[in-house]
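Peer 1: What follows is each chain in one-letter form.
Number of protein chains: 2
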Amino acid sequence: MGMAAGSESTINAWAMTAPGAPFERRTAPRRPPAAGEAVIEVAGCGVCHTDVSFLHHVVKTRAELPLVLGHEISGRVVEAGDGVETGWLGAPVVVPAVLPCGECELCRAGARTICRSQVMPGNDRDGGFASHVVVPARFLCRVSEKVLEGHELWELAIVSDAVTTPFQAIRRAGLAAGDLAVFVGAGGIGIHGVQIAAAAGAKVIALDVNPAKLEVALASGASAAVNVSGLAIKDLLKQVRSEAEKIGAPKHRWKIFETSGTRPGQETAFGLMGFGAVIAIVGFTMDRLEVRLSNLMAFDATAFGNWGCDPVLYPEVLEWIGAGKICISPFVEKHLLADFHRVFEAAQRGQLLQRAVLVP
Amino acid sequence: MGMAAGSESTINAWAMTAPGAPFERRTAPRRPPAAGEAVIEVAGCGVCHTDVSFLHHVVKTRAELPLVLGHEISGRVVEAGDGVETGWLGAPVVVPAVLPCGECELCRAGARTICRSQVMPGNDRDGGFASHVVVPARFLCRVSEKVLEGHELWELAIVSDAVTTPFQAIRRAGLAAGDLAVFVGAGGIGIHGVQIAAAAGAKVIALDVNPAKLEVALASGASAAVNVSGLAIKDLLKQVRSEAEKIGAPKHRWKIFETSGTRPGQETAFGLMGFGAVIAIVGFTMDRLEVRLSNLMAFDATAFGNWGCDPVLYPEVLEWIGAGKICISPFVEKHLLADFHRVFEAAQRGQLLQRAVLVP
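Those protein sequence lines, which keep their order, are chains A and B. Here the first sequence is numbered in the numbering used here, starting from 57 and rising by one per residue. Here the second sequence is numbered in the numbering used here, starting from 57 and rising by one per residue.
The following block holds chain A by itself, in its conformation from the complex:
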């Protein structure tokens, strides 16, 4: 038996019906949450590059179509299924983009991001481009009063992927104070990586093709910025080395974060590899590229990718946001869910200046 705190009995949503086809508005009865689930009244849902990939079937959704996309969700718990503590009712939450089961062998081994029973809203089931979303409650992340004092709940939606994914990548790369962190791409993901790395005490160099984004990176903690437009990798490497020297960063063991999700970005990240480098693939592209994999050996280097972020790290990310170490307000723009077509169109064309968050 679920317990309801909200009053709506329907879910209004935008559903993807076929690859490339216009999303369709849909109103469906709200199903009661199953055991362990919660119904979230959506405050905001971020539009991610991945949603665009889903629409064009560059990447296929794991659930069958029609499907409501959207995996960067914040909101309030309005209904709780059996086994979910009633204390959650009314709680402001961020919904992790990847919700592990918490029970399987992989989860118990701490490999929660690869849990094979994981639920990603907007991929495994209906997501957040909707008035409500039904998700497993176990790993919901409660937003503290302190964070809410300085933020609106809708804008915290982007914590779910744009902020936590680089956070996990930085953790896994072992970035320490004094290290050099290079971000290839200072966009929606990279700009948060820049802030997190700087807050962790690293020296940060931002690379991008867009001078405006580089300016923002410099204002957000980067110590240097390099416009990669038209630069051959050898010249770029020379320039990054020179910038690294100027800002007193180490010559080796660079931590390089590919946050552009493009082939040129990956080529750049791989090409910057030096001794003891760690390359984190944080942005996604289906494009293939040609590499000399043995460079990993010659340079004693590591490349890794991470799928989302372990929910156990979310509270720390919110703490950093509360403490002002990570700013999100300048990097989000609010749109009405009713304007879905217009906003998604602009996202597809790369015309949005900030991360768009859709608010029902």
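Because the hints were derived from the structure by calculation, they are not lab data.
Repeated chains share a single entry, so a pair holds when one copy, or any two copies, can fit it.
Keeping only pairs whose Cα atoms sit at most 27 Å apart, straight-line, the calculated DSSO-like set for lysine-lysine is: (1) Lys-307 with Lys-116; (2) Lys-307 with Lys-290; (3) Lys-202 with Lys-390; (4) Lys-290 with Lys-302; (5) Lys-381 with Lys-202; (6) Lys-294 with Lys-307; (7) Lys-290 with Lys-116; (8) Lys-381 with Lys-302.
Model, not experiment: these values are computed from the prediction.
Given chain A, work out where chain B should sit, using these hints.
Peer 2: Frame of chain A; chain B shown alone:
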């Protein structure tokens, strides 16, 4: 002032003089060791795939030509430079293939394999295809009486690269008891990887194109073997999955070791990537290959390479050899240094059945 225990005053060696040119026999006066150096009377020096690459300038040596190649060296200390304890005189030793300085920032941070002042005999300076070799003494690895009871000193030469490099890769991959270790290539490096992984309690699957090598792998600790000849990667993956299930190995988080040093091997290793996989590039090739680097992200996976092996791990490797966890005797064949041309020719043609060790 050096202290001499030997009597020779010359070094007989085979020097590479130009890319692709026949090695030349050379007799040179033996220079006294500098401070911190030791002169090793060579007991044996292994012929490595890397030496063949050096000869054909597929990979360039760091030191100018002419240069004596050879980096898998065992022998006895016959002379010690200033600052080297006299206790080393007469000691049977294995010379690590990569000798870090031990003093620089990288060494102090534990990143000894990327020490920028490192010395690799046969690359940075004259190596072991010689009667004697002069090397920094600091990280020489003393061979215990126990190990010498069961082994001849010459055969321990291959510890320096063929055994320690996979050992370090296995350590760095975090291989634990019960894990699945897949070796792509069961040759000179892979066969030791198979033994080490099995001794560490992992389930081991060996892949190769050579049925004879697969037989040896099965006799050396592998629980399953798959001949990859003519198999498309999808079919291979299916077969490896099925073998993994048969031997009770986990479905995810495979540790995949590329020990063939070939493009097809690297394509196989990358193609076997699954959730939480760790891919270690242990063999070297200059060949490039096309990969979807984002698979690292989709699978939450890691690829890394390691350059040689940290000398601090050598004593443990010798201990494992002493304890019979790693057999080396069946995998080496002794040749006279005087037969250099014939042996190197056979190595180039891939005609040697075992790792060739040249004995002065």
